[in-house]
Amino acid sequence: MWSKTALLINFDENDGYFDHMPSPSAPSRLKNGQYAGKSTLSNADMQDEYFDHAAPEGSHSQPTPDGRVYGPGPRVPLYVISPWSRGGWVNSQVFDHTSVLMFLEKRFGVKEPNISPYRRAVCGDLTSAFNFKTPNADVLPQLSGKQTCLQADALRENQEALPAVPVPTDVKLPIQQSGIRLSRALPYELHTSARCKADGKVQLIFSNTGKQAAVFHVYDKLNLDRIPKRYIVEPNKTLDDKWDALNDNLGRYDLWVLGPNGYHRHFKGDTQRIIDSGVKPEIRVCYDIANGDVYVELMNEGTKDTILTVKPCAYRHDAPLQLTIKAGQVVKQHWSLADVGHWYDFEVTSESDPYYYRRFAGRVETGEDSFSDPAMI
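Under full-length UniProt numbering, the first residue of the sequence shown carries the number 1, and numbering increases by one thereafter.
Please keep in mind that the hints were generated in silico from the structure rather than gathered at the bench. For every residue, glycine included, the Cβ atom is placed at its ideal position computed from N, Cα and C. Hints may be right or wrong, so weigh each one.
[To be verified] Okay, derived cross-link-like pairs now, DSSO-like style, lysine-lysine, Cα gap no bigger than 27 Å in a straight line:
1) 31 with 242
2) 221 with 268
3) 268 with 38
4) 311 with 332
5) 332 with 304
6) 237 with 332
7) 242 with 201
[Said to hold, decoys possible] Beta-carbon label-pair distances, calculated as ranges:
8) 237 with 179: 34 to 42 Å
9) 250 with 312: 28 to 36 Å
10) 73 with 107: 24 to 32 Å
11) 328 with 66: 45 to 53 Å
12) 336 with 222: 34 to 42 Å
Based on the sequences and whatever the hints tell you, model everything.
Pasting the structure below:
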């Protein structure tokens, strides 16, 4: 039976523990009826994600609909135990409780009508957690210390005769296990770039060239009283939005972008410096999917030359790289990531503009399995 079984142990709630990862929810609805963010999905596809539904007939306990997003909520564990998932793997694709239903749809050809288009777009169907092609390719480890039944019984009797273990008096919080884990390939290929203008407008462009829809979270770090914006981008689609840095912060901006599996972008600067310094640097990050490497295009759309410094923040130990970018020039750089599981994390600063800062981090997906973030050891 076990050779044909997949056991899914799905936790129902997080018991109120804090989760440092923001929930991949639909954009929050503001009091004026507008939304904090955008989506390439239609309004009809998004409508089931908001609490606008009247109470079912006979219900006396449902609160009044307030228009807020339902979720997904904080993360909870999911154990996938099967012959096709053995080996201590982790999977960082976005899933929720409907993912189990989508897995049943995929396996048995049934249709579940109570899954919203949003969940189908953003949440996976769990198939990426399994290796159905070559599940027996890895040799199972040999168990040491094999014993007969009599030896095991004797060991148990000796242990039961030992005095009780004293209860510790100095109780401390547990520490997360260190190290890395084998990590399944993910369907993400995400891009975020910025365009800044001297009139104080900052534009972010969100692009998805992967196989699964993704949620980009944007925090305006100079206006943290505002609701974080969320952008849902389906495969092969693009969204953009603008921030008025001049009216909000006299030209300064500090935008923090988060996505799945450690995807991180940080755009910080001062649009007034474009006029004052005459330089207008910008960075575009590209992926070498075949090799899992990262390419960077360093651009200067200003009228004066500038020196950009590229510095690794993790994974690599290269010395900071200084590059002179002439006005109107584009300089390309390439880094091999094979030795670090295709993870990258680097920052870019400008000698001509002390306010200018960019940071890019994440993992390049190649369609092949890798390992978890080595910087979290």
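Going down the list of hints, with the structure as the test:
no.	hint	result
1	31 with 242	20 Å, holds
2	221 with 268	9 Å, holds
3	268 with 38	22 Å, holds
4	311 with 332	15 Å, holds
5	332 with 304	19 Å, holds
6	237 with 332	25 Å, holds
7	242 with 201	7 Å, holds
8	237 with 179: 34 to 42 Å	37 Å, holds
9	250 with 312: 28 to 36 Å	32 Å, holds
10	73 with 107: 24 to 32 Å	26 Å, holds
11	328 with 66: 45 to 53 Å	52 Å, holds
12	336 with 222: 34 to 42 Å	36 Å, holds
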